[in-house]
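S.K.: Could you slot chain B onto chain A? The hints should help.
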Amino acid sequence: MREIALHLLDIAENSAAAESRNISIEVHEDLLSDRLSTCVVDDGRGMDLETVQRVQDPFYTTRTTRNVGLGIPLLKLAAEMAEGSFRLKSEPGKGTRVEAIFRHSHMDRMPLGDISATFLTALISHPDIHWTFVYRATDKNGNMSDFVFDDMELKTELGDLSLTEPEVLTFVRGMLEEGIEALTRKRLTELENLFATENAAQSSGSTRRVQ
Amino acid sequence: MPAIKSLEELKRVREEALQKKQLKATPGNVQVIVAMGTCGIAAGARDTMKSVLNYIESEKVSGVTVTQTGCIGLCEQEPILQVVLGDQPKVMYGKVDAQVVQKIMKQHVQNGQPVKEYIIQM
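Chains as they are written, first to last, in our numbering: chain A, 59 to 269; chain B, -10 to 111.
Because the hints were derived from the structure by calculation, they are not lab data.
Glycine included, C-beta positions come from ideal geometry on N, C-alpha and C.
One or more of the hints may lead you astray.
As the list claims (entries may be wrong) - Covered stretches of chain A, as calculated for chain B (at least 3 residues, CB under 8 Å):
| hint | region |
| --- | --- |
| 1 | 91 to 103 |
| 2 | 171 to 181 |
| 3 | 215 to 228 |
Said to hold, decoys possible - Below, simulated DSS-like cross-link-like pairs (lysine-lysine); rule was C-alpha separation at most 27 Å, straight line:
| hint | chain 1 | residue 1 | chain 2 | residue 2 |
| --- | --- | --- | --- | --- |
| 4 | A | Lys213 | B | Lys92 |
| 5 | B | Lys39 | B | Lys95 |
| 6 | A | Lys213 | B | Lys39 |
| 7 | B | Lys49 | B | Lys92 |
| 8 | B | Lys105 | A | Lys213 |
| 9 | A | Lys213 | B | Lys49 |
| 10 | B | Lys39 | B | Lys105 |
| 11 | B | Lys105 | A | Lys244 |
So that you can see chain A by itself, here it is in the shape it has in the complex (with noise of 0.2 Å):
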């Protein structure tokens, strides 16, 4: 897989699969402490302490097994591979917590990739689950910004009509782009000042390095 966000969909999909009736999605990017931190959170049929072990171990997967495949074990890869970390948390009967936190700036971290893809895909998919997606900003300086979108009141309105009328698709895709893409483009100006504060220090002279 080549972005985080087709991971969080992967780590979504087995949350549906576990019977679960509300699932979020959170991502944080958080440039003061420079990492990136993703959970998905369910309240699923959950796993027993073994199983939790076993399915972060690329070889325990099987035919048998269900809802677990390369997916954990290949983002905890991605996680640690990025000096992060990777946790299962989970509990039978009461659902499962998988956070995988990455150091944003470092260089074999994957790129966040298409996130609004990634919630539009999950909540059209899973019509019947209740859906949260986060996704918030952390600048330099601490100031947070956060897009937070919780079906609810969606579905509500909408009643019995399906989210995939085309009117309704064009509706929702559109706040969940929206939403999304305001927070990208406040965080791409950021890290381009960023990086002009910082190639003029070096070219004034400065020695200081970019750790």
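M.R.: Frame of chain A; chain B shown alone:
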């Protein structure tokens, strides 16, 4: 966030959609299913899904149910897309990229003619 404003807008969208749906409802039940296992996602299933949704939006196709399924054991054929028209048997397509989606949506979903060259022969 534009939550309140957009909710009002949503009411309008809903009315509009309901009216149009009555005007040209697709006969019978049409299902488009995208395989979303780890293998499917790694092979591009999300883009396949997005292409299906884009087609529905741009061509204003009403009455199509879009859903997903897990890995069906044909990982080398991913991205896989299945089409079910009414009570006809399920048709399974392999290696479905954006262009193939266009063909399937137009020829099969809208006009009832399966796109033979991309059907997975079992």
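S.K.: Determine for every hint whether it applies to the structure shown.
M.R.: So, going through the hints one by one against the coordinates:
no. : hint                : result
1   : 91 to 103           : violated (count 0)
2   : 171 to 181          : holds (count 5)
3   : 215 to 228          : holds (count 12)
4   : Lys213/A - Lys92/B  : violated, 31 Å
5   : Lys39/B - Lys95/B   : holds, 16 Å
6   : Lys213/A - Lys39/B  : holds, 20 Å
7   : Lys49/B - Lys92/B   : holds, 16 Å
8   : Lys105/B - Lys213/A : violated, 37 Å
9   : Lys213/A - Lys49/B  : holds, 21 Å
10  : Lys39/B - Lys105/B  : holds, 22 Å
11  : Lys105/B - Lys244/A : violated, 47 Å
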